[in-house]
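If you're matching positions, the sequence shown starts at 3 in my numbering and goes up one per residue.
Hints listed in this document are in silico derivations from the structure and should not be mistaken for laboratory results.
A quick note: this is a predicted structure, and the numbers were derived from the prediction, not measured.
Here a beta-carbon is modelled for each residue, glycine too, at the ideal position from N, C-alpha and C.
Accuracy of the hints is not assured; some may be wrong.
[Stated by the list, open to error] Now the in silico label distances, taken between C-beta atoms and shown as ranges:
(1) Pro-76 - Phe-138: 33 to 41 Å
(2) Asn-52 - Leu-127: 26 to 34 Å
(3) Asn-91 - Glu-194: 24 to 32 Å
(4) Met-278 - Pro-137: 29 to 37 Å
(5) Gly-111 - Leu-225: 18 to 26 Å
(6) Ala-128 - Asp-277: 39 to 47 Å
(7) Thr-206 - Lys-44: 42 to 50 Å
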Amino acid sequence: MRKARLFATLIFQFTAGWVFAQKYNTPEQLNRLRPLQDSLKKLGAQIVNNENDIERKNANYQFIRTLVKALNVPNSYAFNFDSVKTISNLRSPDNKFRIMSWFVQNEDGSYRFYGAIQMNTGSKLALYPLEDYSPFFKNPADSVTDHRKWYGAEYYKIVQVNAATPYYVLLGWKGNTVKSTKKIIETLWFKEGKPMFGLPVFNTDKTTSKRIIFEYNRQASMLLRHVPEQNLIVFDHLSPPDSKMKGQLSMYGPDLSYDGFKLINGKWVLKENLDMRNIPAPSDMDVPDPKQQAIKDRNLVPRRKTN
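Required output: the full structure, derived from the provided sequences and hints.
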């Protein structure tokens, strides 16, 4: 039964994507987009697999130029770029925009993130490049920024929130250093049609935050997923292996307990010590850890071990 559901889901996604592209892209547009998609696929593989730092970055620059060229084709929003597996390509639940995000690993084991938001405007391109400003944030959990000062991540889930100020929640993976990894719960909203990041919607007993940032040991894997049946974002509780290591986030890992943020009146309220027996099991298509799932799903060989 599980395999049957997965097969049906994959067939639906493939069919829906094919119909979507065929309905809105003319044969002339498809003839322009498909070769560019092939180029993006090859360049993406070089970004991930090439062992030379300079060549990886050169491939990324070519990737960006090729992607912009592709998105400038009329009605490019309707084209799914399905074969380009080295980037995250998510459409919002209301289909008002899509957000593309990816990363380049640096020689020292750190990461830089890249991305763009394409609005669903038909034949006229409305594109907002995302510029990773991560190293310069003094207080990223409490910052409101535009697309030019982005707290970069590779996103794997978009949740639409219908509040007084409508916004979206983005779940993302954010590779950090050779010692630690980050995951984030980001907020995206639009001001006069332009994307903004950060909203004071995450409430704990003591503080209100504009985004949530988790940091933990690079060897560990952390659960962070949306549970739509309960309007809940559930995640592993992170703690150090020893009380003497408190505050050393690169030593933190899951401690087999779970917390979450519950959506109440447009805000996300912290709920601690959740009973996971009451949380529905993730579906076949969930991605609990994009860093590791990327290798499995993209059929790519890791460039090298950095742990």
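Quick rundown of the hints versus the structure:
no. : hint                          : result
1   : Pro-76 - Phe-138: 33 to 41 Å  : holds, 37 Å
2   : Asn-52 - Leu-127: 26 to 34 Å  : holds, 30 Å
3   : Asn-91 - Glu-194: 24 to 32 Å  : holds, 26 Å
4   : Met-278 - Pro-137: 29 to 37 Å : holds, 36 Å
5   : Gly-111 - Leu-225: 18 to 26 Å : holds, 24 Å
6   : Ala-128 - Asp-277: 39 to 47 Å : holds, 45 Å
7   : Thr-206 - Lys-44: 42 to 50 Å  : holds, 46 Å
Of the numbered hints stated above, none is contradicted by the structure.
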